[in-house]
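Read off the chains here:
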Amino acid sequence: MPADPSGAVFSALADPTRRRLLSAISAHPATATELAGELPISRQAVVKHLTTLAQAGLLVREREGRDVRYRVTPEPLSDAVTWLAEVGGEWDTRLTALRSSLSE
Amino acid sequence: MRDRIERRVELPTTLEIAWQALTDPDWLALWLADEITLDPRPGGEASFQIGDETRSGWVEEMSPPDEQGTGRLAFWWTLDDEPASRVELTVTAVADRCTLLRVVETRPLDVLDLVGTPLPGHGGTTFGPALIAA
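Just so you know, the protein sequences line up as chains A and B, in that order. Each residue of the first sequence is one higher than the last, beginning at 1 in my numbering. Each residue of the second sequence is one higher than the last, beginning at 1 in my numbering.
A few of these clues could be false.
Stated by the list, open to error - Ranges of calculated distance between the beta carbons of each label pair, as one might list FRET restraints:
#1 A:Ala45 / B:Arg97: 54 to 60 Å
#2 A:Thr96 / B:Ser63: 42 to 48 Å
#3 A:Glu64 / B:Asp66: 54 to 60 Å
#4 A:Ala97 / B:Gly69: 23 to 29 Å
#5 A:Arg69 / B:Cys98: 43 to 49 Å
#6 B:Ser47 / A:Ala14: 48 to 54 Å
As the list claims (entries may be wrong) - On the chain A side, residues computed to face chain B include the following (Cβ under 8 Å):
#7 Ala27
#8 Ile41
#9 Val60
#10 Trp83
#11 Val87
#12 Ala97
No lab work stands behind these hints, which were simulated from the structure alone. Here the structure is a predicted model, which means the values were calculated and not measured. Just so it is clear, CB atoms sit at the ideal spot from N, CA and C, and this is done for glycine as well.
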């Protein structure tokens with residue numbers, strides 16, 4: 001990945017919820033309301049996370065009437081970012097399953 | 001250059017049981033994939049069924065816990081014609097019933113990286129993952 005002097009990309013991706021959001025948006029561009037319907041968090045929390053991702057340059061906003069649709073930034077970085085979000089999210093899920101398999 | 005994911009989790013169990021969770025196909029099926037076959041030796045073939053996808057792969061390293069209290073499993077996996085990525089699972093004893101699991105998945109990004117990755121096995125021939133994936 002290109003140098004990221006601000007560290008904004010990495011701190012944006014450090015949070016599992018933001019990785020899930022990015023993964024969902026990379027599959028299909030979405031509005032905050034749509035995303036809040038898919039995840040167990042409030043629309044307000046979704047907006048906060050989306051703002052962090054947009055500030056890190058990972059998402060772009062597109063106004064659609066009264067709504068804002070988010071999509072993954074269409075440039076070379078996005079392939080690496082998408083991989084980090086998807087594969088990282090997969091490991092989070094697997095490790096949660098591993099921990100619960102140990103407690104059974 | 002490589003893309004790299006790293007996760008560390010503490011597992012509330014002994015090193016031996018953690019190693020079993022990483023290497024017993026039935027246990028792996030509880031968390032790593034839905035169905036797994038894995039030939040547990042360097043160069044051994046592996047397949048991972050996840051949902052309706054089947055990833056193929058091979059084992060690079062299978063080192064049971066040693067006297068230093070560390071065990072390591074490393075394998076490569078790939079879906080269809082996507083670039084293969086390398087998964088390294090390392091378990092280290094931290095306390096009596098506490099084992100640290102470190103997961104690193106890396107995806108080599110260019111041809112030089114792939115060619116530079118030696119692989120044991122497969123009839124004594126050394127292949128880079130690019131050749132196997134091709």
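Here is how each hint holds up against the structure:
{"no.": "1", "hint": "A:Ala45 / B:Arg97: 54 to 60 Å", "result": "35 Å, violated"}
{"no.": "2", "hint": "A:Thr96 / B:Ser63: 42 to 48 Å", "result": "26 Å, violated"}
{"no.": "3", "hint": "A:Glu64 / B:Asp66: 54 to 60 Å", "result": "58 Å, holds"}
{"no.": "4", "hint": "A:Ala97 / B:Gly69: 23 to 29 Å", "result": "25 Å, holds"}
{"no.": "5", "hint": "A:Arg69 / B:Cys98: 43 to 49 Å", "result": "46 Å, holds"}
{"no.": "6", "hint": "B:Ser47 / A:Ala14: 48 to 54 Å", "result": "33 Å, violated"}
{"no.": "7", "hint": "Ala27", "result": "14 Å, violated"}
{"no.": "8", "hint": "Ile41", "result": "21 Å, violated"}
{"no.": "9", "hint": "Val60", "result": "22 Å, violated"}
{"no.": "10", "hint": "Trp83", "result": "5 Å, holds"}
{"no.": "11", "hint": "Val87", "result": "5 Å, holds"}
{"no.": "12", "hint": "Ala97", "result": "4 Å, holds"}
The structure shown violates the earlier hints numbered 1, 2, 6, 7, 8 and 9.
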